[in-house]
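Trainee: If you read the protein sequences in the order shown, they are chains X and H. Its first residue numbered 416, the first sequence is counted upward by one per residue in the numbering used here. Its first residue numbered 4, the second sequence is counted upward by one per residue in the numbering used here.
These are calculated hints, taken from the structure and not from any lab test. Note that CB positions come from ideal geometry on N, CA and C, so glycine has one too. Incorrect hints may have been included.
Which chain X residues face chain H? A few, computed with CB under 7 Å, are given here [as the list claims (entries may be wrong)]:
id, residue
1, Glu499
2, Arg500
3, Glu588
4, Val784
EDC-like cross-link-like pairs, simulated, lysine to aspartate or glutamate; straight-line CA separation at most 20 Å [claimed, not checked]:
id, chain 1, residue 1, chain 2, residue 2
5, X, Lys548, H, Glu197
6, H, Lys54, H, Asp89
7, H, Lys321, X, Glu588
8, H, Lys266, H, Glu197
9, H, Lys276, H, Asp167
10, H, Lys308, H, Glu197
11, X, Lys695, X, Glu442
12, X, Lys496, H, Glu68
13, H, Lys30, X, Glu588
14, H, Lys35, X, Glu603
15, H, Lys28, X, Glu442
16, H, Lys321, X, Glu573
17, X, Lys548, H, Glu267
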Amino acid sequence: MLRDLKIVKIGGSVLRDGKSYIHVAEEIRKFIETSNRTIIVVSAMNGVTDSLLKALNGSREALEEVIDRYIDAAAYICGRKLVERINNILTRLKAILKLVYKHDPVLIDLVLSFGEKLSKILLIEALVQEDVKAVGVDATEVIKTNNVHGNALIKYYETSIRLNNYVVPLLLEGTIPVIEGFIGSTLEGEVTTLGRGGSDYTATTIAALLGASEVYLITNVPGILSADPRYVSHARIVPEMSYREAVEASMYGCKNLHPRTFYPLMEIHKCRVHIGTWSKGTSILEVVDRNHVGPKLIAFKFKGGYAYIALIGDGVSDHRIVSQVIDLLKHNELRYEGIYMLANRPSIVLIFRKSVFAKALNILHELIVKGG
Amino acid sequence: MKEFNIVLVGFGTVGRSFAKLVATKGKSIEDKYGIRLKIVGIVDSSGAVIKEEGFTLYELLRLCELPRSTLGSYTPYGVRNASVRDVYSKVIPDIHVEATPSNYENGEPGLSNILYALENSVNVVSSNKAPFVLRYRDIMDLASRKKVKVKFKATVMAGTPLIDLLMSLKGYEIEYIEGILNGTTNFILTEMHENLVTYDEALRKAQALGIAEANPDLDVKGWDPAAKLVIISNVIGKPINLSDVVREDVSRLDIKEVYKAIKENSVIKFIAKLNVRDRSASVRLTKIPRNNIFASITGTLNAVKIVTDVNEIIVIGKGAGGFETAHAILDDVISIAQEVMG
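Next up, chain X with everything else stripped away, as it sits in the complex (with noise of 0.2 Å):
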């Protein structure tokens, strides 16, 4: 029914204040010239969730800094009509902390989700400066979730139906429907949230649900990287990836990839996933061609003073690859304390001492920039 259909999410570290609205929204006009039927997934401005953290904890110097910081931004997006009515939200936001007392999971989903509501509201007026035909539509009352407050699953079932009742005839009629990430509510009609990676979680629930062709998640980095390049100065941009290696990066603490993100594609509806800028950037994929089989990129976490590096890529854990990876560190004399990998996951664990770590991540680095 919806043929080449779109979903880009707008990522919080893209939306810094007003100019930056106006960039996003020209690239967004840009956008939709080859693709009309869109829908934009948006985030809040970058690092406003976690100063609302801070204000629930009573900082007034976090909520002032909100205050500000969105109020700018209205007053250069489109002047006095957009400051009134964002300071009228504003002014909501903050009677909620005044009356709030108590940490409540309820209250705390609920003015966290201002960070995204007041960001819509911003998003809408900018794309209409470039005559993009835009309209909000609530999460609230689309994206329905379970009653986990902080860290809600969205309830697929009663999300589909009403993005069929309430955002598939925008699409129809030629708009261009404009959503919260991160937020949704209770069956009951309670504001929950839903946690780290949110918003990707909602751009891909939402792609699942209407059967989509490709998502894209907007941020400031062209791409998920090979490796942390505060330590690996060779790191580059990994041009494809599967399903599965984005779960297993995430799961080894790989920056902008939460698992979440890719279950309702695997379970429900397979599609290309575009994380990056608007040029660049890596795709995710179901499966990825065979000439791209083999390590991808390296995550790491730290626990009880050793460091787990993870080489991950579809066929690592394959014998003539571990033996690779053996081979070379044998080479380079560097002592791994431990590894481990399963026949059927995408990766190959090593334990270093943290002394020997960095030397390590650069060696096996070489592995993908010879593989590749």
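Let chain X serve as the given structure and place chain H on it in line with the hints.
Mentor: Coordinates of chain H only, in the frame set by chain X:
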């Protein structure tokens, strides 16, 4: 395909939800019922927007993005300070939707708007309770004289069709109707019982969540559930007056009373009751045992028990919310359109 022009009066939470609903569900209503709903005018306290050929989906959704009370200054369709009369002078609708707030002092502005619509032989759907509480008979008589329909199921229990149900009980003798008819006070009482907080604290939370108004008197002093009892009494043909309803005040409830109730394995609920036989009505803080059905009605949920000479009927459902109320209005609008089409 038959077209129905709608003028919407009142553009707050309920009015906006209704406009959004017509925008998004309009197409499926066309397909399902052969009815095309066109909103041709919307009125708020600042004026009106008028478009004789009907607002498009995009325009309706854009209007919903406007700040409160600014329709009059909206370009290009806004008319500053325009009233319902001014809108009718440009375009006479088929259905008038009244979504202004309830005012029990004199029913205005809803009462005059509804009477004006009926005088002009326009069908009326209302979510505003006050006109029906104060002048039910006059409204109904005028409607039948003018041979037009008046529907108002959104006034009681919003999306839960209690009014429809009562109207369908034609051969039954209703003995009494009782229940929880106000979501705000039920939320406050639930908070007091579950989290053992005082009335003030529970009210603050209700206000924070947007459940209670800044001035909660209509709810906590029992005006709202009492008004609903009056409407119900009229619907079943045994009318009572608002002043006849005995009302208690939830804000007077001491948390110690709640402790005491809990110890006795009971809960305190704000129970509205209409005794049909002696035409008495009350809204009272009532201690009920935990195993009573009303004890399990928590949060903003509503529930009503209808006791007849035949059986007991219990209806449970959400009793408020813009979205739910808008659906009840839409249902009434579709019913009228179907009745008009025959």
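Trainee: Against this structure, judge whether each hint is valid.
Mentor: Going down the list of hints, with the structure as the test:
no. : hint                   : result
1   : Glu499                 : holds, 6 Å
2   : Arg500                 : holds, 5 Å
3   : Glu588                 : holds, 5 Å
4   : Val784                 : violated, 51 Å
5   : X:Lys548 with H:Glu197 : violated, 46 Å
6   : H:Lys54 with H:Asp89   : holds, 13 Å
7   : H:Lys321 with X:Glu588 : violated, 31 Å
8   : H:Lys266 with H:Glu197 : holds, 13 Å
9   : H:Lys276 with H:Asp167 : holds, 19 Å
10  : H:Lys308 with H:Glu197 : violated, 24 Å
11  : X:Lys695 with X:Glu442 : holds, 13 Å
12  : X:Lys496 with H:Glu68  : holds, 11 Å
13  : H:Lys30 with X:Glu588  : holds, 10 Å
14  : H:Lys35 with X:Glu603  : violated, 28 Å
15  : H:Lys28 with X:Glu442  : violated, 30 Å
16  : H:Lys321 with X:Glu573 : holds, 17 Å
17  : X:Lys548 with H:Glu267 : violated, 60 Å
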